[in-house]
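Could you put together the complete structure from these sequences and hints?
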Amino acid sequence: MRRWLWPSVALALVIAYPLLFSTPFQQRLGALVLLYAIAASAWNIVGGYAGQVSVGHVVFFGCGAYAAMGAYSHFALSPLVGIPIGIVVSVAIAAVVGVPTLRLSGHYFSMATIAVAELVRLIVTNTDYLGAGVGLSGPTVPRNLFDLSFISALPYYYLFLAILVTTLGITWWMTNSRMGFYLRAIRDSERAARSLGAPASRTKLYAFMLSAGLTSVAGALYAMMFGFVDPESGLGILISVKMLIMAALGGAGLLFGPLVGAAILVPLEEISNNVLGGKGAGLTFVLYGAIIVLIARFQPGGILTPIMRLWSRRGKAPEIPVATGASHAP
Amino acid sequence: MKFKHIIGLLGAAAISVGLAGHASAQQTIKIGAVFPLSGNAASAGNHAKAAIETAVEIINNAHPELGNFPLAKDAGLAGLGGAKVEVVYADNQGSPATGQNQTLRLITEEKVVALTGAYQSGITLTASAIAEKYGIPFVNGESVAANLTERGFKWFFRVTPVASDFAKIYVDFLKDMKAGGAKIDTVALVHDNTEYGTSVASVVTSVFKDSGLATPLDVAYAANATDVQSQVLQLKEKKPDVVIMVTYTSDAILYSKTMQALDYKPPMIIADDSGYSDPSFIKAVGKISQGVFNRSSWSVGPKGSPTALIAEMYKKNSGDEMDDTAARQMQGFFVLCEAINRAGSTDPAKIQAALKATDLKPDQLMIGYKGVKFDDKGQNVLAAGVIIQLQDGENYVAVWPKGSAEKPPVMPYKGW
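Read top to bottom, the protein sequences are chains A and B. Note that our numbering has the first sequence beginning at 1, numbered continuously upward. Note that our numbering has the second sequence beginning at 1, numbered continuously upward.
Since the hints were made in silico from the structure, they are not lab data. Check the hints yourself; a few may be wrong.
As the list claims (entries may be wrong) - Footprint (simulated), chain A over chain B, 3 or more residues, beta carbon under 8 Å:
1) 120–129
2) 146–152
3) 220–234
Keep in mind the model is a prediction, meaning the values are calculated, not measured. Just so you know, even glycine gets a beta-carbon here, dropped at the ideal spot from N, CA and C.
So, in structure tokens, the structure goes:
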């Protein structure tokens, strides 16, 4: 029974967080942590477990965001309608892009995904239907509940929490399925995995598609919360980099790695901006960058790795995945 | 263990946020300003900050030398017993999401009574959306995207002119020039294919049609061009009386060079701000673009005039000359403070009511608007601009309308 004690306490605390820290900004901070944790967890499936470091995941994020805002601005539908559309489109893109690019190994795969992401950004910037350079906006004054346009961050917090739990559930299920074992084998040595009969290409593609679909949900949720998407905020390369850094910082290839990374980086970014941003010296990013450098120097496997090791030494967890995400990071 | 750490971190984070938000003194009116103080547009954001700091200096200290200018004469806001204005700056980092987060923080943690910002239209959009939800007045002085005032907002006010206002300025200017003997029967409209180029071009075309002027000949080209000879040759062949240029800096420079290379001088060139206002345009090709007209809402005015004094104070703060954007931001902030002063209260609803009742005259402004008066959508209906001309190839001077002209317009286009 003691095995479940700490996880349940942790879950209870996460559920109670917005009630314990109840100012609007603190609640929003909590919601943002969960939102970025969803995106980084989705990235983790292909970047962490499969070891394919995609720097083009923003394409899928953008698909979700644009689908949600497009459903509202072109068809006056609830942005929620955009979620399934975004999933279908991004899974299709992942399939089309994945077949040729997943043959590339290491840095070449990363470079190919960057190229795809920049290409999509340029196409969208020149497409009037998608708002071109101006972007698409969502409902500001909600017509009904389904517009998901709230003043308080509380509804977003619990919505994001539910989706994060689902995402982590899918990831957990995947790691314990045949596919999860294939993925770990491929990550450690693709050649060895192939020689033992693991269908490497197909497995990587499935992981890429699954990851793409979940990333697009994160994008749709982002657009709903902020009510706006333009090429820079929906398809800018920084978003891909953020997903990657969060996963690597917490521990890529670990179930809770991205969540831990998001829980560190999002508050760090917001609070350093609160304190230093108004000075106008760009100090925010200096501090932000310095902390990332320190963690990368002293804990390159991610924050969670030593904790997991400690845990396993006490004989409570039977399995520790080896975190290699950070060493893959470009 | 792991979740405890997260909670611990979040807790520490939350506490520091809480601590940061508890410093309010009596007799200060807190206003939030969200600008891109870092990122791609950091230069524009820091100029905006300098402009607002200059405005605060004017409001909080006695400046009788500025004449009829509102809030200058006394120290502080007279309507609130001489209360001082304090501006809380926030960095939007060039991201619509950060802009919205920071706006929320300014409203809920810093308890600002009103807001201004946020430079980029997309960020103004998300930042004003959260202000609308909380019922806090948001006054924008510089974002020109048309959709900002089409959202049915009740707390959003925009002081700056938008594309249709500029188009009307061109029409009035051209009609005046025609009365003075200039030929304006044919007009060519050269524009790039970006959002800026196409949207301005379509607005100009429709406004010209509505006001009975010739429908402009449309000359579109791909932005960041490497060669514009075919466009210039097309102009040379059609011989329009007026050429209107809607381009960014690098293309503007290329057009000037190509026109010289092909020895083509239209009788009149009117530029739509942007590229032609960039100091690097003047440095690169100013000497071969003498006599080009441009639009601006800002002009320094004669020495010793209130605007010249403000420009001097601004230069001391920022190290640069006042430009059109910084001036429009500063004017937006003055409009907001004037409304707060008139409301005599920090209650957002009363400030909103005062903003709605705003009716400023040209002599109460630092910029060339015909006044400030908001319509139901929150757009300033009296926003206007002046036509400036690059007569000597080095500095623009105001030439139209007569009331704000420093020199009479020189015709035809001289070039080099």
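Going down the list of hints, with the structure as the test:
no.: 1; hint: 120–129; verdict: holds (count 5)
no.: 2; hint: 146–152; verdict: holds (count 3)
no.: 3; hint: 220–234; verdict: violated (count 0)
Violated hints amount to a single one, hint 3; each of the other numbered hints is respected by the structure.
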